[in-house]
Amino acid sequence: MSHSATEQISSKQAWGGGAAPYNISWGKMMMWFFLVSDALTFSALLIYYGATRNANSQHWPDPDGVFNHFPGVEGHIPLLFVSLMTFILIMSSVTMVLAVDAGHRGDKKRVILWMVLTIVGGCMFLGSQAWEWTHFITGTPHGYQQPDGSHIYGATMIENEYGAKAFANLFFTITGFHGSHVFSGVLINVISLIMVIRGVFERRGHYEWIEKIGLYWHFVDLVWVFVFTFYYLI
Amino acid sequence: MSMEYDYYEQHIHRPGDPIAPAKTWWIWKVFWILLVVTTAEVSLAFMNYYNVWGADKITHHNITKWLKFIYIALTLLKAGYIIFSYMHLKDEKVSFKLTLGFLVVVLTYFVILMMNEGYYQNTIHYDFPVFMQRNPEGGGGH
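Protein chains in written order, with the working numbering: chain Y, 903 to 1136; chain E, 237 to 378.
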């Protein structure tokens, strides 16, 4: 041990720049660490959701009975619309990983194609979420009759037709926070697409930037997988 | 003894270099797994919502309870495919996987802690009715 402590080693061998103990570029590693911190934020929100639901289980509405509409279709269809949203997001994750793969091979045309489709998927998801929020805020025609005879229609941050107030608060907070991630992801994707088209990465010689934003985009999909399970299924 | 580190070097691809053919079968394989698992989850939820098994109220309640564990297991399966395959974590070094994986340990503890806390908050409605009258509805009510 004392031998190695007195030995002279170059800065490349020590952690002095140039050496990568994880064999990963610093940019990608920092993206991973950012995603870990973001995962903690989402975990805190979802765990608080679970605790609040346990604390108010008598008032908690059945999500299947709340989110039960599909655009252009009369009647109650539980889960179908949110399943479609999940499908859209998984699909945009596939196009993103295809863009990353094309970037690995330096195939600029394919990167552009898959990036455009990813952006389209993200926009479709945001549109679906806007529709879902509108449906939730508008509520049902019959509403909920309170003990004093007045009615509550739909859900806001201060009252909720369907049941526990916390259900509406957490719905807006969690899906809103996730939606803002999708929105910023779409913006970053658009900026990156412009950079790809202008040949920035072609000149740089590699498409690692696409890998980094791909990590972010998959993380957003990953969060939705959990939101879908804990908010809509359970 | 000198310590060996790995050196990260980005592969440089110049314009005009030959483009390797795409090998994307694994992407579509994972896509189909994700789709099938999601469809299974939604189908189970549909069947339970309409109670296709014709269970009585108590049995239906128990089925709903056990389905939650199935949903969570399938969700973790999907998360594993997204993280290890799509986010390429399986190609990283073991030390890096462990660095990120420590998060799971912390979160598991946090989940158990907070679920218990939630159950406890639910029971104090009955244990301390006078105290709880300050806020009789808690987070509940309409």
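Rather than coming from a laboratory, the hints here were simulated on the basis of the structure.
Don't take each hint at face value.
[As the list claims (entries may be wrong)] Not close to chain E: a few residues of chain Y, all C-beta gaps over 12 Å, as computed:
hint : residue
1    : Leu948
2    : Thr954
3    : His971
4    : Ala1032
5    : Glu1034
6    : Pro1043
7    : Phe1074
8    : Ile1076
9    : Phe1079
10   : Leu1089
11   : Ile1090
[Stated by the list, open to error] Computed footprint of chain Y on chain E; a stretch qualifies when at least three of its residues, placed anywhere within it, have a C-beta under 8 Å from a C-beta of chain Y:
hint : stretch
12   : 261-274
13   : 279-287
14   : 295-308
15   : 311-323
16   : 330-340
17   : 348-359
[Stated by the list, open to error] Here are the computed lysine-lysine pairs in the BS3-like style, where the Cα-Cα straight-line distance is at most 25 Å:
hint : chain 1 : residue 1 : chain 2 : residue 2
18   : Y       : Lys1010   : E       : Lys259
19   : E       : Lys329    : Y       : Lys1011
20   : Y       : Lys1114   : E       : Lys293
21   : E       : Lys326    : Y       : Lys930
22   : E       : Lys301    : Y       : Lys1114
23   : Y       : Lys1114   : E       : Lys304
24   : E       : Lys329    : Y       : Lys930
25   : Y       : Lys930    : Y       : Lys1010
26   : Y       : Lys1011   : E       : Lys265
27   : E       : Lys326    : Y       : Lys1114
We put the beta carbon where it would ideally sit given N, CA and C, even for glycine.
Comparing the hints with the structure gives:
| no. | hint | verdict |
| --- | --- | --- |
| 1 | Leu948 | 9 Å, violated |
| 2 | Thr954 | 6 Å, violated |
| 3 | His971 | 14 Å, holds |
| 4 | Ala1032 | 22 Å, holds |
| 5 | Glu1034 | 16 Å, holds |
| 6 | Pro1043 | 17 Å, holds |
| 7 | Phe1074 | 14 Å, holds |
| 8 | Ile1076 | 15 Å, holds |
| 9 | Phe1079 | 17 Å, holds |
| 10 | Leu1089 | 21 Å, holds |
| 11 | Ile1090 | 16 Å, holds |
| 12 | 261-274 | holds (count 6) |
| 13 | 279-287 | holds (count 3) |
| 14 | 295-308 | holds (count 3) |
| 15 | 311-323 | holds (count 7) |
| 16 | 330-340 | holds (count 5) |
| 17 | 348-359 | holds (count 7) |
| 18 | Lys1010(Y) to Lys259(E) | 16 Å, holds |
| 19 | Lys329(E) to Lys1011(Y) | 31 Å, violated |
| 20 | Lys1114(Y) to Lys293(E) | 50 Å, violated |
| 21 | Lys326(E) to Lys930(Y) | 14 Å, holds |
| 22 | Lys301(E) to Lys1114(Y) | 39 Å, violated |
| 23 | Lys1114(Y) to Lys304(E) | 34 Å, violated |
| 24 | Lys329(E) to Lys930(Y) | 13 Å, holds |
| 25 | Lys930(Y) to Lys1010(Y) | 21 Å, holds |
| 26 | Lys1011(Y) to Lys265(E) | 23 Å, holds |
| 27 | Lys326(E) to Lys1114(Y) | 16 Å, holds |
Of the hints listed earlier, those the structure fails to meet are numbers 1, 2, 19, 20, 22 and 23, in rising order.
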